[in-house]
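Visitor: Just need the whole structure built from these sequences, with the hints factored in.
Protein sequences, first through last, are from chains A and B.
Under the numbering used here, the first residue of the first sequence carries the number 101, and numbering increases by one thereafter.
Under the numbering used here, the first residue of the second sequence carries the number 585, and numbering increases by one thereafter.
The set of hints was computed from the structure by calculation and includes no laboratory data.
Any given hint could turn out to be false.
[What the hints assert, rightly or not] So the derived list for chain A, only partly shown, Cβ under 8 angstroms to chain B, looks like this: (1) LYS120; (2) GLY121; (3) TYR233.
[What the hints assert, rightly or not] Just so you have them, the derived chain B footprint on chain A, three or more residues with Cβ under 8 angstroms: (4) 143-149; (5) 183-197; (6) 211-223.
[Said to hold, decoys possible] With a Cα cut of at most 30 angstroms, we get these calculated DSSO-like pairs of lysine-lysine: (7) LYS586/B <-> LYS177/A; (8) LYS694/B <-> LYS238/A; (9) LYS661/B <-> LYS187/A.
For every residue, glycine included, the Cβ atom is placed at its ideal position computed from N, Cα and C.
What follows is each chain in one-letter form.
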Amino acid sequence: MKELSKLKSQNKKGNQKSKKGPWIFLGVSLLLYLLVYLFDKVKAIAVAERFYQLSKEILPFLIIVFVLMVLINLFMKVSTLVKYMGKESGLKGWIIAIIAGIFSIGAIYLWFPLLKEMKDKGVKPGLIAVFLYNRGIKLHWLPLMALYFGLKYVFILTIVTILASLIQGTIIDYIVKEKGK
Amino acid sequence: MKLNEAIRKAAKTMNTVFPMIVGILILISLFDILIPPSSYQLVFRGTILDPIIGAILGSVVAGNPVNSYIISGDLLKQGISLITVTAFLISWVTVGVIQLPAEIEFMGKKFALIRNLSAFILSLLVALLTVIGVSLL
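Guide: Okay, here's the thing in structure tokens:
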């Protein structure tokens, strides 16, 4: 109970802090675009076209992430998350993080809000890092990768990536404590 | 939690995410157009520092991993070493300099910085171990 109330108070502080940041980031990005527009209009139009193309690509994933967030809010109890991916989750937690990372799709930044919610609910930071690292294994693209680099290379790279994710998870858990903001 | 409340909570988070995602997309678009992939090979010098340069390049660029396979295949053809190409491939998918502000915003400064820094160092280790593994098997 103590742990839960501590998590809630941390969330409040975090939410207060993160209101202006995203808009400042967007402002800086727009400013950079404006600079390009002033110096090279042709390139600026190409950038706008690329932006439109990327936006179209990520929209379906954004909807998936939104639905997942609603489902987590709706059905995932804090106690369940803490049991399977919290401090005491052990080997089970590592395996879940690896598999979830490998099977996750879409751009990495689309996952941040969902991962923040999970972190706020008590999921170990190390397991979030393991999840993010294993996103490097793109299961659906592995056949194409094998075509370029060979099956042996893809197999070894996949195994080494999983092992590296465990190293990173351990480092993150060691350095980033719950209050590690 | 009721459905309405669950949707409202998710929408509130998405509201914070929205400007971040638009900002990241602008930066990625700028990078893609201003620094075309064909110019990547120019940074490699054929020295021991190449894997580090590969990892730096992979950390800064962003986009679909398929692009990294195509670029890497091309780099291999140009004679760039497998260890350099692997460091580039792995850092492409595990390190994110462009999205770092978003990661800091959501996951906290300490988490984001340590995760990206360790992922950068690990990309070199993964590259080394993969190349050793390939040559041994």
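Visitor: Look at each hint and say if it fits the structure.
Guide: Right, here's what the structure says about each hint:
The beta carbon of LYS120/A comes no nearer than 10 angstroms to any beta carbon in chain B, farther than 8 angstroms, and the hint placing it at the interface is violated. For GLY121/A, the interface hint holds, the least distance from its beta-carbon to any beta-carbon of chain B being 5 angstroms, beneath 8 angstroms. The restraint placing TYR233/A at the interface with chain B holds, with a minimum CB-CB distance near 6 angstroms, inside the 8 angstroms limit. Given a C-beta distance limit of less than 8 angstroms, the hint that chain B covers the region 143-149 of chain A holds, as 4 residues qualify and 3 suffice.
Judged by the Cβ-Cβ criterion of 8 angstroms, the region 183-197 of chain A is not covered by chain B as claimed, because only 0 of its residues qualify and three are needed. Only residues whose C-beta sits within less than 8 angstroms of a C-beta in chain B count toward coverage, and the region 211-223 of chain A has 6 of them, enough to reach three; the restraint holds. Under the criterion of a C-alpha separation no larger than 30 angstroms, the hint pairing LYS586/B with LYS177/A is consistent with the structure, at around 13 angstroms. As the CA atoms of LYS694/B and LYS238/A are separated by approximately 27 angstroms, the hinted pair is consistent with the 30 angstroms bound.
A threshold of 30 angstroms between alpha carbons decides the hint, and for LYS661/B with LYS187/A the separation of about 47 angstroms lies outside it, so the pair is violated.
In terms of the numbered hints stated before, the structure departs from hints 1, 5, 9, listed from lowest to highest.
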